[in-house]
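Q: Protein chains in written order, with the working numbering: chain A, 1 to 344; chain B, 1 to 312.
Don't read these hints as lab results, they were simulated from the structure.
Note that this is a predicted model, so its numbers are computed, not measured.
Ideal placement from N, C-alpha and C gives every residue a C-beta, glycine not left out.
Just to be clear, a hint being listed does not mean it is correct.
Stated by the list, open to error - Just so you have them, the derived chain A footprint on chain B, three or more residues with Cβ under 8 Å:
1. 134 to 142
2. 242 to 253
3. 263 to 273
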Amino acid sequence: MSFFQSDFFLNLVPCCVVALLLFAIWRAGKQPLWAEAYRRLRRNKVAIFALVIIGLYGTLALLESLGTTDKASQTRITLLDRIAQKTGALAVQERYYSAPLATMTTGEANPQPLKAPGQHLLGTDGVGNDVLLQTLKGARTAFLIGGGTLLISTPLALLFGLMAGYYGKWQDDLIQYIYGVLASIPTILLLIALILVLGRGPVQICVALGITSWVGLCRLTRGETLKHRDREYVRGAKALGVSDFGILTRHILPNLLPVVIISLTLGFSGLVLQESILAYLGLGVGGNIGSWGNMIDAARDELAREPVIWWNLTSASVALFILVLAFNFLGDALRDAIDPRLRS
Amino acid sequence: MLRYVIRRILLAIPTLIGVLLLTFFLFFGLKNPEVIARQNLGKNPTQAQIQQWLADHGYDKPLAEQLKRSTVDMLLFNFGQSDTTGEEIKERIKKGAGPSLTIQAIIFATGLTIAILIAVLVAYFRGTYVDRFGTLLTVVLISIVYVTYIIGLQYYLGKRLQYGPVWGFNREAGLAKFILIPVVIGVVAGIGASIRLYRTFLLDEINQDYVRTARAKGVPEGTVLLRHVLKNAMIPILTTTVATIPTLILGGLLLENFFGIPGLGGYLIDAITNLDFAVVRAMVFLGTLLTLIGYILTDIAYALVDPRVRLE
């Protein structure tokens with residue numbers, strides 16, 4: 001278990017997610033089956049814009065995941081930290097809250113001058129960290145939770161969905177029963193129960209979110225597999241003596257991919273949103289990992305202060321909002337590009 | 001019809017048993033009660049203290065007894081006592097159900113009405129800029145996280161505009177005042193997804209033959225939408241409303257905690273903070289029961305409204 005808790009593993013996940021995304025885009029451009037959809041997608045300006053945004057966030061996540069441990073102070077210095085150190089005020093630690101572009105600290109009895117006056121674009125937080133840098137760092141947690149969960153739930157959903165749809169009979173009954181049980185527990189309650197039992201931490205959250213989120217995709221896969229099961233190409237493959245495994249992976253699965261990809265794109269944004277809700281409930285990734293959820297959670301008290309500390313909440317919410325919006329737009333554009341019939 | 005209802009209820013029983021077994025496995029199989037005791041007793045408890053705590057809270061009994069506790073007793077609504085305060089869970093739930101149901105029922109009804117109205121409006125202007133703007137707005141609304149709505153709107157509506165108190169729930173001092181802001185937040189946070197969904201339901205119906213016939217007869221577009229299309233679209237709309245129950249539960253959880261409303265949501269949040277597993281168990285069971293009842297009611301409503309649904 002300790003391997004899964006290690007920094008190495010936690011940094012590996014965002015890297016894998018970004019690599020997988022790049023691989024998927026690269027492959028999609030080469031597949032003749034996908035060429036038409038790819039062409040349509042490229043003409044959609046919103047989709048390209050959304051992809052660029054997601055790419056930016058992915059780069060941030062990657063920069064924050066790669067780094068070395070400083071031997072002297074035993075702290076991790078990521079590539080993002082190094083870039084921040086070179087760009088002036090980003091890495092300068094102040095002593096307390098300060099408003100965006102302010103020259104003095106805020107909310108202290110006698111405000112003190114800042115070390116980098118007028119240079120903190122989004123102000124600083126309660127321990128004096130630059131909020132802009134903290135917000136950028138949150139991208140890693142978003143990709144860690146969103147991507148890590150999808151890495152757990154997608155294989156599970158595809159495996160069970162294909163099996164249920166293809167074999168029918170008792171396999172279908174059993175799998176339907178399992179996800180029927182899971183689906184009848186309200187998601188948030190199941191998440192709470194799972195995290196209380198598994199403990200808090202990023203990996204536990206991914207597992208918990210994985211358990212609650214595979215049901216939707218599994219149901220979808222099952223339905224689609226059912227449609228394809230009796231098509232002629234499947235029967236043809238069967239007549240030629242292709243094994244069940246071969247039929248499922250080489251023939252049916254590629255035909256399901258469009259639906260799966262749309263559902264994954266839209267699913268990712270939902271997972272990133274759920275992370276911040278969990279953080280609010282005190283079931284988040286933990287205080288030592290910077291995340292938008294933690295920043296929003298901290299803002300509960302900050303808005304009650306005088307003067308109001310609004311920049312923490314706003315930065316985290318906007319960063320989260322833009323990423324989720326980009327994924328939602330991309331999902332819609334993908335749906336239009338892959339299946340124009342669905343367009344109303 | 002009666003046979004259908006009975007059959008539908010019987011079909012839910014295996015699912016409910018599955019949920020009970022799953023929670024039993026989670027809380028007694030994966031989680032050792034001794035760990036719960038340690039978490040509740042604080043720093044370095046002695047072995048005797050742990051045994052005492054386990055005995056006090058009934059965790060020292062054999063596994064079969066625990067199985068009965070987390071299945072049969074749940075079904076009989078014997079939730080037992082809280083792990084941390086020793087309070088009767090059932091009493092507390094009875095007390096909290098009122099405020100929770102009041103707020104969520106209002107949010108549900110208001111949200112449904114407004115969402116349908118806006119969806120009809122957007123469908124009426126389909127293909128125009130109103131439609132585009134409406135669709136864009138729903139995506140924007142969906143992309144904002146619930147907690148930002150709560151924190152931001154409470155600050156803006158409560159503290160800046162002073163529309164109502166931001167804390168408490170007092171029947172004598174006028175209930176409407178206390179629930180105004182939570183209801184607004186609940187409606188705004190949930191409405192985007194509903195409008196988006198209802199719009200597609202409406203547009204699915206708009207291309208049907210009967211709509212063309214109505215138009216050919218000279219029925220004005222507004223009447224076509226409200227009389228013909230909406231009536232048929234209400235079937236999928238009503239059946240998906242049950243899918244909003246989990247959202248309502250989530251909303252209750254976050255809103256009640258943040259506005260100091262003494263409902264079930266606040267109770268559950270306290271239980272999470274205090275690691276009160278007995279309360280969490282009871283709430284998971286209740287939430288599931290509500291969802292299953294919701295599913296059953298939907299199916300019955302579906303059968304009642306839509307003559308195409310066969311009852312055997």
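Q: If a hint holds in the structure, say so; if it doesn't, say that too.
A: How the hints compare with the structure:
As drawn, the segment 134 to 142 of chain B meets chain A at 3 residues by the rule of a beta-carbon pair under 8 Å; at three or more, the given contact holds. For the segment 242 to 253 of chain B, the stated coverage by chain A holds: 5 residues have a C-beta nearer than 8 Å to a C-beta of that chain, and at least 3 were required. With a cut-off of 8 Å between beta carbons, the segment 263 to 273 of chain B has 4 residues touching chain A; three or more are needed, and the interface restraint holds.
In summary, the structure agrees with every hint in the numbered list given earlier.
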